[in-house]
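There are 2 protein chains.
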Amino acid sequence: MGSVRLIQVGLGPIGRGIVAQVAEREGMELVGAVDLDPCKVGRDAGTISGTERLGVEVSEDLGKVLNKEADVVVLATGSRLADVAPQVEMCVRAGKSVVSTCEELAFPFVAHPELARRMDELSREHGVAVLGTGINPGFLMDALPIFLTGICRRVEGVKVERFQDASTRRFPFQRKVGAGLSQEEFWEGLRRGSVGHVGFRESAHMIAEALGWRVERYEETVEPILAEEPLESRFVKVEPGRCAGLRQVGCGYVDGRRAIVLELQAYLGHPEPKDSIVVYGEPVVRWEVVGGVDGDVGTCSVVLNAARVLPSAPPGLRTMLDMPVIHWSRSA
Amino acid sequence: MGSVRLIQVGLGPIGRGIVAQVAEREGMELVGAVDLDPCKVGRDAGTISGTERLGVEVSEDLGKVLNKEADVVVLATGSRLADVAPQVEMCVRAGKSVVSTCEELAFPFVAHPELARRMDELSREHGVAVLGTGINPGFLMDALPIFLTGICRRVEGVKVERFQDASTRRFPFQRKVGAGLSQEEFWEGLRRGSVGHVGFRESAHMIAEALGWRVERYEETVEPILAEEPLESRFVKVEPGRCAGLRQVGCGYVDGRRAIVLELQAYLGHPEPKDSIVVYGEPVVRWEVVGGVDGDVGTCSVVLNAARVLPSAPPGLRTMLDMPVIHWSRSA
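Chains B and X are the protein sequences, given in the same order. Take the first sequence: its letters are residues 122 to 453, numbered as in the working numbering. Take the second sequence: its letters are residues 122 to 453, numbered as in the working numbering.
FYI, nobody ran anything at the bench for these hints, they're computed from the structure. Values in this document were obtained by computation on a predicted structure and should not be read as measured data. Cβ coordinates follow ideal geometry from the N, Cα and C atoms, glycine included. Hints are not guaranteed to be accurate.
Okay, the calculated bits of chain X under chain B, using three or more residues with CB under 8 Å as the criterion [claimed, not checked]:
id: 1; region: 204-213
id: 2; region: 272-281
id: 3; region: 383-389
id: 4; region: 404-411
id: 5; region: 440-446
Cβ-Cβ distance ranges computed for the label pairs, FRET-style [as the list claims (entries may be wrong)]:
id: 6; chain 1: X; residue 1: R368; chain 2: B; residue 2: S303; range: 47 to 53 Å
id: 7; chain 1: X; residue 1: K358; chain 2: B; residue 2: E340; range: 35 to 41 Å
id: 8; chain 1: B; residue 1: E277; chain 2: X; residue 2: K358; range: 37 to 43 Å
id: 9; chain 1: B; residue 1: S452; chain 2: X; residue 2: R338; range: 43 to 49 Å
id: 10; chain 1: B; residue 1: Q304; chain 2: X; residue 2: V411; range: 36 to 42 Å
id: 11; chain 1: B; residue 1: P432; chain 2: X; residue 2: E341; range: 36 to 42 Å
id: 12; chain 1: X; residue 1: D443; chain 2: B; residue 2: E190; range: 38 to 44 Å
id: 13; chain 1: B; residue 1: R338; chain 2: X; residue 2: P445; range: 25 to 31 Å
Pairs of lysine-lysine, BS3-like flavour, derived with a Cα cap of 27 Å [unchecked claim]:
id: 14; chain 1: B; residue 1: K395; chain 2: X; residue 2: K358
id: 15; chain 1: B; residue 1: K395; chain 2: B; residue 2: K280
id: 16; chain 1: X; residue 1: K358; chain 2: X; residue 2: K395
id: 17; chain 1: X; residue 1: K395; chain 2: B; residue 2: K280
id: 18; chain 1: X; residue 1: K280; chain 2: X; residue 2: K395
id: 19; chain 1: X; residue 1: K395; chain 2: B; residue 2: K395
id: 20; chain 1: B; residue 1: K395; chain 2: B; residue 2: K358
Can you build the whole structure from these sequences, using the hints too?
What follows is the structure, given as structure tokens:
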């Protein structure tokens, strides 16, 4: 198999992490990079990603970059499908497969059935595949628990918990979980969409789809975790009574029961960071990663591990459910 | 999707566990059962599997049963590919896809390249798929660690440990790990193949294949764990100095390093039963299941979860690596 030629669109923290990985991976080549930020345009995509110079200049013109010969566009520009859909469509029309960190693209059939249908049709028409993935949604709260049910005779429920100490994470993450905000600002941020994790609904429905369950009701709650004493990270100081972070829970009801429970606790100073999955059934399967998985490295990695095999996937809108087992490989 | 019609061949403990699961699963139907044991022939396959009467009489004639309309044959007759290959070929020639617990079939390309090639050709010719799987090989020591690398940027090594308290397992398992044998009998059993786990080599090579590694050298060691005090299970008494079970380690060397280490410790009274996986890389991924996964339920389950999707797999000799993500589903 020859090199996979990639175009990176979006050079925020995740996009730059992806470029840095492409630079070090055998069998992958960056052939284009796009970002609208004037501080990045015209510079070398490798240099601004903290890796070697790659000879790829960042352009602000997606249309022009799409004229390049490439196999896959990696799109890391936003969480909301409505925002990224026009970009996905441009790429697809240019005959490029797309893998995106857009959380709502991981399983868009419930929240955006019409957009999903259109994207599926368009990508089939152009003979390319489109996939939304990442660590979450895309892996820890959906594909992995689904995979674990493979050894079960019977499954009654799935619970996933991610407990994170936000103080070790980058500033945009701390901001997203509300660290440092007043309670009023927290609720206002939640309303505007700048606070809170996007993707629980997608993960819950991906699990249900796999297990043959119908989600009768889906509920999501978000609440601030308040600092009880002064807290501090590299980026923010939090007085007692202000927000240290959040607790967010997504629940899918099946047959009148809470069959799917997804919980994120992310705040400065979480005493017990971990990722855990329990599949309730026979047998009960309990997974735990003490300390948790680094979400940024994980997202960049799973995106590229998927990009490696995306060109050989059947055309259409794909999910992690209908891809072959995604894994790392030295050869790409 | 209509029901998957199954023929069960081999009604040992695993085969009977599979039949019991088929009886309780929606979307699966047992249409035939084969075993050579005169105590089973002529009896109802459900009844002898400890479940409801299924109206399927156990036959000793595989050829005759293969005349039935069926989608998948589940073959649970042996660990060695040379022993089961003629049965697989009969099924394939009868136009049936095959999923088998035969350990050597899980990744037969290294130990039995010629048999594998022939089986692949024959199954393509007849438009059916053949898959070897189970809990181990098939899941815990290969597919799952491979899946976990999906979130890695870089992988340097994989270590899997299964620690089992053999005293909670059925008698054939206790016999297989050597419980109750003298040291002489242990080594003799190992030589004859009645002692020891089959499948480490297959798992190690499946991991290497996925990760793009070349195994320069593969080594496997087995040693008895001796009882230090009198031990007892439902089936066997072990005097001090005799074998309580075994420790078996498979090592794959890549680039001069032990990159793949698979270890099984299975003996009466193991104080710390667990399954654990470590993927060394970035990030390091550590999985642990305290208490471990029940191997029998797991094997029966993964076989049937695979059988559900096998009829829609591309024809040929498949491995867990090129199947879509195998998972439980209520609807089949």
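Proposed proximity, B:K280 with X:K395 (alpha carbon, max 27 Å): Distance of about 21 Å is within 27 Å: holds.
Hint consistency between B:K395 and B:K358 [alpha-carbon to alpha-carbon, up to 27 Å]: The given pair, whose Cα atoms are some 24 Å apart, holds under the 27 Å limit.
Outcome for the supplied range 43 to 49 Å, where the beta carbon pair is B:S452 and X:R338: Check failed, 20 Å falls outside 43 to 49 Å.
Outcome, coverage of the region 272-281 of chain X by chain B - at least 3 residues whose beta-carbon is closer than 8 Å to one in that chain: That given contact holds, which follows from 5 residues of the region 272-281 of chain X lying within Cβ reach (below 8 Å) of chain B.
C-beta pair X:R368, B:S303: status relative to the range 47 to 53 Å that was hinted: violated, 59 Å
Pairwise hint evaluation, X:K395 against X:K358, where the allowed Cα distance is 27 Å at most: holds, 24 Å
Consistency of beta-carbon spacing, X:V411 to B:Q304, with hint 36 to 42 Å: holds, 39 Å
Verdict for B:R338, X:P445 (Cβ pair) under range 25 to 31 Å: Distance hint for B:R338, X:P445 holds at roughly 29 Å.
Within 8 Å of chain B's CB atoms, at least three CB atoms from the region 383-389 of chain X: coverage verdict: With 0 residues close enough to chain B, the hint is violated.
Claimed coverage, the region 440-446 of chain X by chain B - three or more beta carbons nearer than 8 Å: holds (count 6)
Given coverage of the region 204-213 of chain X by chain B, checked by CB-CB distance under 8 Å (3 or more): violated (count 0)
Restraint status (C-alpha distance of X:K395 to B:K395 at most 27 Å): holds, 19 Å
In summary, the numbered hints that this structure violates are 1, 3, 6, 7, 9, 12, 14.
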